[in-house]
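K.L.:
Taken in order, these protein sequences are the chains called A and B.
Just so we're aligned: the first sequence equals residues 1 to 316 in this note's numbering.
Just so we're aligned: the second sequence equals residues 1001 to 1316 in this note's numbering.
Because the hints were derived from the structure by calculation, they are not lab data.
Careful: at least some of the hints might be erroneous.
Distance windows between CB atoms, simulated [stated by the list, open to error]: (1) 1175/B / 215/A: 50 to 60 Å; (2) 110/A / 1129/B: 31 to 41 Å; (3) 30/A / 1127/B: 54 to 64 Å.
Some chain B residues near chain A, calculated using beta-carbon distances under 8 Å [what the hints assert, rightly or not]: (4) 1046; (5) 1081; (6) 1088; (7) 1090; (8) 1091; (9) 1099; (10) 1103; (11) 1104; (12) 1110; (13) 1121; (14) 1125; (15) 1126; (16) 1283.
Some chain B residues close to chain A (C-beta under 10 Å, calculated; not the full set) [claimed, not checked]: (17) 1089; (18) 1097; (19) 1108; (20) 1260.
Ideal Cβ positions, reconstructed from N, Cα and C, are used throughout, including at glycine.
Single-letter residue listing:
There are 2 protein chains.
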Amino acid sequence: MSVRDRVVLLVGGVGGAKLALGLAHVLPPESLTVIVNTADDFEHLGLHISPDVDTLMYTLAGVANPQFGWGLAGDTFRAMEMVERYGGPTWFNLGDADLGTSLVRTALLRQGRTLTEITRQLSRALGVGPTLLPMSDDAVRTVLETDRGSLGFQEYFVRERWQPVVHRIRFEGCEAAQPSPAVAEALDSATLIVFGPSNPFLSIDPILSIPGIRQRIAGARVPRIAVTPIIAGQAVKGPTAKLMSELGVDISPLGVVQHYRELVDGFILDEADRDLLAPIEALGVKVTARRTLMQTLDNKVDLAIALLDWVEEDQL
Amino acid sequence: MSVRDRVVLLVGGVGGAKLALGLAHVLPPESLTVIVNTADDFEHLGLHISPDVDTLMYTLAGVANPQFGWGLAGDTFRAMEMVERYGGPTWFNLGDADLGTSLVRTALLRQGRTLTEITRQLSRALGVGPTLLPMSDDAVRTVLETDRGSLGFQEYFVRERWQPVVHRIRFEGCEAAQPSPAVAEALDSATLIVFGPSNPFLSIDPILSIPGIRQRIAGARVPRIAVTPIIAGQAVKGPTAKLMSELGVDISPLGVVQHYRELVDGFILDEADRDLLAPIEALGVKVTARRTLMQTLDNKVDLAIALLDWVEEDQL
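One chain only, chain A, in its complex shape (with noise of 0.2 Å):
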């Protein structure tokens, strides 16, 4: 039994699914199984969109737009266009054939299919290989308390643009959410647990905030490692740095390490930041430096590489 056997990777949206791309390019499809955040998903428009879900779906597919790592290549914005004509809401800008995906989607939950099972029908009809789990079939929301009033994840993401200052974040739903049957044996019979680079707590806390998830993790005898979003004081995109100033963390690789605490045994720092392998070690954490900024294909699959070869070497 090998750590590149059954591999779980926990992720949030365009940062993680370049590492799941990087795996997918290493790891034959059924030793790949992506866990999702769902607590960014909500209604728009009447259609329930998944964005992380979709990330990682048109990502591994290769049909990701190449500039914005979300949405489809070459999409086009008609229907929003016509939103727009008729003075509807149009600050989450959906692409013509991404509207495809929400609309067969939405027609699926209402026959009562769960997220988990169209996932599955979706992606394979896309092609991908590796299995890509909704976290949860169970709804799990993302609620900010900010300087703005109370705000759910796309309103403070992409309609204010994550200028509020967060006070607190919360999962409404998680105390009642399972982890779904797929998602829980996944975990189970994982040889290899990797968080990767998303925002630890927009991305990676709402799939931990599930009890079923956080304890399965907590309990994993196998390697759970977790890869940094934070480089040289700065997130690579997003939030994850501001956030982590207004919620009083270290903005840091470190500050991400204490963040997760217990949950993992190893940690992968970008090689701009050596200077925190030694207090990171401190705390009990395996670490090491590498190069994890992912720009290009090959910058993915080197860390994939780096990753599974480290875990391996060092026997985590």
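Place chain B on chain A using the hints.
P.N.:
For chain B alone, kept in the frame of chain A given last:
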């Protein structure tokens, strides 16, 4: 008070939209109200689709697809291509921009707005001058009893391409349906009521199936004129002639006049059917022969002028 002051036109889709466009070129916007069949409305992919309302709206806004008469000019079909990739239902083709209309309508319906209010908002946004009114805010649904079983309108018309043999047509919900206040007011204050050259059985009958509409038209003391949908034993488009045959109705303007019975005072047939002037007159219905085929905008305007002039001059 002239008959031109408050013209009310009853229509279904493409055929009726042509006469509506003709009248819209001749009458000031405040003098034309179009009451549109909504018994073809259906839920598809979670969207509330109002095909006839949209056809009228797009036609009067000058943005309809000139080739088909329905849908939007120059629209693309990326969303439906994705739906097809996912194995979803593609028998009802919705363009991308057209989807924008259905998304906004569906979202507003879910917010509790009426179809009448929504149609006003959307048609104004597109610059439509005349008043477009869905026949009712209550759901009435056309169901066809056929040799392939009971079919909803769109299943019969689009999915099965009107090939099944029809035994009977029902309008589910018609007995309980109320005309909207705006429809009731338009009929009560009409100076002229025109039955568009739409399918009498599938487009006009659903409107007349609502007791509060039928009674108002039956009791109206203003001219009520029907324009033939049949020319020389043929429908201009669609299943009208086939249906009339299956329902045992004479496929001719005479059959149409007999179908409308006591609801019309006057009838415009095509010049090709001059031989039916006397038989129709014998039924006590005033009748005139005109060019009714509306291929060009000039044809539409000419027919609208001819209709209004005839009613005025003959003091119907």
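K.L.:
With reference to the structure, classify each hint as holding or not holding.
P.N.:
Evaluated hints:
| no. | hint | result |
| --- | --- | --- |
| 1 | 1175/B / 215/A: 50 to 60 Å | holds, 58 Å |
| 2 | 110/A / 1129/B: 31 to 41 Å | holds, 37 Å |
| 3 | 30/A / 1127/B: 54 to 64 Å | holds, 56 Å |
| 4 | 1046 | holds, 5 Å |
| 5 | 1081 | holds, 7 Å |
| 6 | 1088 | holds, 4 Å |
| 7 | 1090 | violated, 10 Å |
| 8 | 1091 | violated, 14 Å |
| 9 | 1099 | holds, 4 Å |
| 10 | 1103 | holds, 5 Å |
| 11 | 1104 | holds, 4 Å |
| 12 | 1110 | holds, 6 Å |
| 13 | 1121 | holds, 7 Å |
| 14 | 1125 | holds, 5 Å |
| 15 | 1126 | holds, 7 Å |
| 16 | 1283 | violated, 46 Å |
| 17 | 1089 | holds, 8 Å |
| 18 | 1097 | holds, 4 Å |
| 19 | 1108 | holds, 8 Å |
| 20 | 1260 | violated, 36 Å |
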